[in-house]
Amino acid sequence: MTNREKSHTKNPSKSDSKSRRKRRLIHELMRLFTGFCVLLSCCLLLGIVSFIVIRGLGALSVDFLTGVMAEVGASGGILYQLLGTLLLLLTAAVVVIPLALGCALVQSVFLTREAHRRNITLVLYLLNGVPSIVFGIVGMIVFVQWFGWGKSWLAGGILLGLMILPTVCVTLIERIQAVPKKYIEAARGLGLSRAQTIRSVILPQSIGGLFTGLLLGLARAAGETAPIMFTATIFSGATLPSGVKESPVLSLPYHIFILAQDSYDPATKAKLWGSALVLIFLVFLLSLLALPARLRIHEEANHL
Amino acid sequence: MSQPLFQIRDLEILQTTGDKKSLLAPLNLEIQKQEVFGVIGPSGAGKSSFLKCLNRLIDLSAGLSVRGDIKFEGQSIYQGSIDADTLRVQIGMLFQQPVIFPKSILANVLFAVKHLALAPKSEWHDIAQRALTQAALWDEVKDRLSQPAQQLSVGQQQRLCLARTLATGCEVLLMDEPTSALDPNSTEAIEQLILELKQTHSIVIVTHNINQAQRVCDRLGFIGLRDGMGTLLAQGTLRELMTQRENVAEIDAYLRTTESIRLDT
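Protein sequence lines correspond, in order, to chains A and B.
Everything in the first sequence is counted per the numbering used here, starting at 1 for the first residue and increasing by one.
Everything in the second sequence is counted per the numbering used here, starting at 1001 for the first residue and increasing by one.
What the hints contain is simulated information worked out from the structure, not anything from laboratory work.
Check the hints yourself; a few may be wrong.
Stated by the list, open to error - Quick list of the computed label-pair ranges, beta carbon to beta carbon:
hint, chain 1, residue 1, chain 2, residue 2, range
1, A, Leu86, B, Asp1019, 50 to 60 Å
2, B, Gly1228, A, Ala115, 24 to 34 Å
3, B, Arg1245, A, Arg199, 49 to 59 Å
4, A, Gly223, B, Gln1129, 29 to 39 Å
5, A, Arg118, B, Arg1245, 46 to 56 Å
6, A, Arg118, B, Asp1019, 20 to 30 Å
7, A, Ser15, B, Gly1063, 47 to 57 Å
8, A, Val106, B, Ser1002, 42 to 52 Å
Unchecked claim - A short, non-exhaustive set of chain B residues, derived as facing chain A with CB atoms under 7 Å:
hint, residue
9, Leu1057
10, Ser1061
11, Arg1088
C-beta: ideal position from N, C-alpha, C; glycine also.
Okay, chain A solo, but in the shape it has when bound (with noise of 0.2 Å):
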């Protein structure tokens, strides 16, 4: 109880006791309430994190990581695997960067009448919640069958630099929009036009939020399934794409997902624990990364 709760207490009537009595029940319930929802979702958390480190830690060698699979996953390692994830995340980051710069600057710079903006918005939030399998299915319609590509990385990686737009857009919306309007209005007062306003005053305060959504989105990204399946990866027999027909790559989480089919084996059970590691270790470092990246580029920026 604070002070200030404390001093109205000096005289109170009864009603009024009564009343703050059920305030205080109140209080003290949803207190419970908010503080077992923490408790379970951080114990969820650790206990996946915990459980697959317990079952994944003993598969884990630099053997795993850099030699190749043998006998369908029962034994070898992941070396293409984690390649062809690599592939395709940096595919993704390099078809998401400039359509994010694109899609924020039109919605937060070029666009002025407000209900145009807001439509903006809207694309890109229903774009969110278009399910990953959907992605997949008009990737395979698209790239599979009516480019002719086939299976191939680049399909892949499109797919997935699609699905992780709205996350890297919006991020670098949000961080255009922080940008103080005396700056902008300084720099348009000195004569700069829109463009030159962009490059020497936007883009250097905002620039860190590309990279932050960019880094959150890849970490989704790279552990999505269904929009690669049908479109840029196969099981096995495939190592470095030299082309874009029929060049389709390994990948961590289809790895996982066929792995999970013939789990009852033993000796597969175990590659498969470390498969899952070595994704949930990536997906992490990708978050973690996306921290000190945002705060480093934000203090250039402000101190160049």
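Since the structure of chain A is already known, use the hints to place chain B on it.
Showing chain B alone in chain A's frame:
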């Protein structure tokens, strides 16, 4: 007779949203070259918006539109095909609060020179020195040009903003209450600068301080609120404005609320 600097004809500011009312009643005014023209009046009467019309910075304000026209050195800036960005290079602006970019002192002075590519890189240092000297800041910052500009005091920051504007080589300066955020010493420094710059530049200054208007302005315009709209109610020297006091109730009311002033003969 030489051409006026600004020839303002039926200038009106309208809200495009909401009740679509007019913020500034049709305004006619001529501002001459090489003079310091002051705009005074109560707050909320649209003095700042009027000032922003002169370099079309008002274009940035969403929900406002401008009717009528201004001729700048004989050239129409609203009805002609003039490029607003080029216009703003020629007509510099100083804001109420100094706006310092989060960069070094040097980068701030050269901001427009660099991004507008106004001069080759070899001339940048000379331009910076000249602009900072004009703004009476050179001696205070010449040893720490690469340090962050936020370390300067507010008064120094405002002079840095002035230097940044002067570095573009503009000949007209718009000032929107440039000293209202400053302490008396910094205010005096800025006023002194206005009197010096007057030899080479034309200045339009919005001020809420009638004493300041007396110290620096050659002529004044009084924008007051009438029927809810900003209206130019009188113009002339301060002395002429004072004589209008009996005829225009708004001027009388305004002068009553401001500090009493001493009119030197």
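Assessment of proposed distance window 20 to 30 Å (beta carbons of arginine 118 of chain A, aspartate 1019 of chain B): holds (23 Å)
Given a hinted range of 29 to 39 Å, is it respected by the beta-carbon distance of glycine 223 of chain A and glutamine 1129 of chain B? With Cβ atoms ~58 Å apart, the hint is violated.
Given the hint of 46 to 56 Å, is the C-beta distance from arginine 118 of chain A to arginine 1245 of chain B inside that range or not? holds (50 Å)
Arginine 1245 of chain B versus arginine 199 of chain A beta-carbon gap, inside 49 to 59 Å or not: Cβ of arginine 1245 of chain B to Cβ of arginine 199 of chain A: about 51 Å, so the range 49 to 59 Å holds.
Range hint 42 to 52 Å (beta carbons of valine 106 of chain A and serine 1002 of chain B) holds or violated: holds (46 Å)
If you take the shortest Cβ to Cβ gap from leucine 1057 of chain B to chain A, is it below 7 Å? holds (6 Å)
Aspartate 1019 of chain B and leucine 86 of chain A - C-beta distance against the hinted 50 to 60 Å: At roughly 58 Å between Cβ atoms, aspartate 1019 of chain B and leucine 86 of chain A fall inside 50 to 60 Å, so the hint holds.
Hint validation: serine 1061 of chain B versus chain A, beta carbon distance must be below 7 Å. Holds or violated? violated (9 Å)
Verdict for serine 15 of chain A, glycine 1063 of chain B (Cβ pair) under range 47 to 57 Å: holds (50 Å)
Closer than 7 Å between Cβ atoms is the bar; does arginine 1088 of chain B clear it against chain A? Give me holds or violated. holds (4 Å)
That 24 to 34 Å hint for glycine 1228 of chain B and alanine 115 of chain A (C-beta), does it hold up? holds (28 Å)
Violated hints for the displayed structure, listed by number in ascending order: 4 and 10.
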